[in-house]
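**Q** The chain contents come next:
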Amino acid sequence: MNKKAIVYIRLKDGVLDPQGITIQRAILNMGYDAVSSVRSGKFFELEVSGDGGKVEEQIQDICRKLLANPVIEKFTVEYEK
Amino acid sequence: MRFGVVTFPGSNCDYDAYSAIKTLGEDVVFLWHQSADLMNSDVIILPGGFSYGDYLRSGAIARFSPIMKSVIKFAHEGGLVIGICNGFQVLVESGLLPGALMRNEHLRFACKYIYIRVEKNDNPFTLDCAVGDVLKIPIAHKDGNYYNFQADIEILKKNQQILFRYCDKDGRITEAGNPNGSIDNIAGVCNESGNVIGMMPHPERAVEDILGSSDGMKLFESVKKFYKQGVKFERA
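Line by line, the protein sequences give chains A and B. Residues 1 to 81 in the numbering used here are what the first sequence lists, from first letter to last. Residues 1001 to 1236 in the numbering used here are what the second sequence lists, from first letter to last.
It should be emphasised that the hints constitute simulated quantities derived from the structure, not laboratory data. Don't take each hint at face value.
[Claimed, not checked] Derived list of chain B stretches under chain A, where covered just means 3 residues or more per stretch with a C-beta under 8 Å from a C-beta of chain A:
#1 1102-1111
#2 1157-1165
[Unchecked claim] Subject to a maximum C-alpha distance of 30 Å in a straight line, what follows is the list of computed BS3-like cross-link-like pairs (lysine-lysine):
#3 Lys1169/B with Lys1073/B
#4 Lys1142/B with Lys65/A
#5 Lys12/A with Lys1225/B
#6 Lys1228/B with Lys65/A
#7 Lys1225/B with Lys1158/B
#8 Lys1157/B with Lys54/A
#9 Lys1228/B with Lys1120/B
#10 Lys1112/B with Lys1069/B
Given the structure is predicted, the values throughout are model-derived calculations rather than measurements. Quick reminder that beta carbons are idealized off the backbone N, C-alpha and C, glycines included.
Could you put together the complete structure from these sequences and hints?
**A** The following block contains the structure:
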């Protein structure tokens, strides 16, 4: 069965995010005062097919080895039909 | 003694590295990323550039190329490997070196001469230097901000894996001397056994005075001396 794996990559807590800081500064410069912090990340959509358990195992592996850098990043996966 | 320079799609310092080894007076060959053959090289150079367009993260895709499988095996067996700039990024992504190289703190591409201080000279690539020597070497990168968690930095210090730190021209470790926000001004590190090193500055671009500095040559002279003395690392 075909479905989509949605992968979110985030920086681990405590890892400095210069891009996020710069974006937050821009938001302040725009005159908005509601945002106190921005953390940037990445997002991937993978079309997958096959047995559920096997697919999820593969996606976990792919995230660990390729899509995320486990030294500084963490990931979460959601599945969509 | 033969050096092998890996060419990935997007490498752009491979010819500089090749030329530096010619200046050193040693044998040098190019190694193609799609081949797994290291062509009997004694030292592997992973050059600077933008392998695979820097897609995903700098160095993340290059890690899975056929040549890297051989380089990783070679490194685990004690082979000498130096990663420069993008090559350093490939080595941390491969897990051969600790840490990560993040976007420069100021978010800009930095291309200029900087100074680094030699922290350790019992490494194959620095044995011709003295601890505290200041080398003038250029940098050219946007993702060179060395990062690691504090606990891991302490491990690096304990194992003496920090090879170079950014400094001012008198060798002082200052914030102004740090061009990219690297934690503890770290510019280069080695693995625990010392046979794999990575650095953001480009020693291969500083091998003749006409280029502005010949300080980079000290690294290549060091590894040549190391090799010719016949010192071998114990195989892991």
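**Q** Now tell me, hint by hint, if it's right for this structure.
**A** Checked hints:
Counting residues of the segment 1102-1111 of chain B whose CB lies closer than 8 Å to any CB of chain A gives 6, which reaches the minimum of 3, so the coverage claim holds. Coverage of the segment 1157-1165 of chain B by chain A is violated in this model, with 0 residues showing a Cβ closer than 8 Å to a Cβ of that chain against a need of three. A hinted pair counts as satisfied when its Cα atoms are at most 30 Å apart, and lysine 1169/B with lysine 1073/B does not qualify at roughly 38 Å. Taken as a hint, the lysine 1142/B and lysine 65/A pair is honoured in the structure, with Cα atoms around 23 Å apart against an allowance of 30 Å.
For the hint pairing lysine 12/A with lysine 1225/B, the CA-to-CA distance comes to about 42 Å; that exceeds 30 Å, so the pair is violated. The straight-line distance between the Cα atoms of lysine 1228/B and lysine 65/A is roughly 38 Å, outside the 30 Å bound, and the hint therefore fails. Under the criterion of a C-alpha separation no larger than 30 Å, the hint pairing lysine 1225/B with lysine 1158/B is consistent with the structure, at around 27 Å. With a C-alpha separation of about 42 Å, the suggested pair lysine 1157/B and lysine 54/A falls outside the 30 Å cut-off, and the hint is violated.
Proximity of lysine 1228/B to lysine 1120/B is assessed by CA-CA distance (about 20 Å); at most 30 Å being required, the pair is judged to hold. Distance check on the hinted pair: lysine 1112/B and lysine 1069/B sit about 33 Å apart at the alpha-carbon level, beyond 30 Å; violated.
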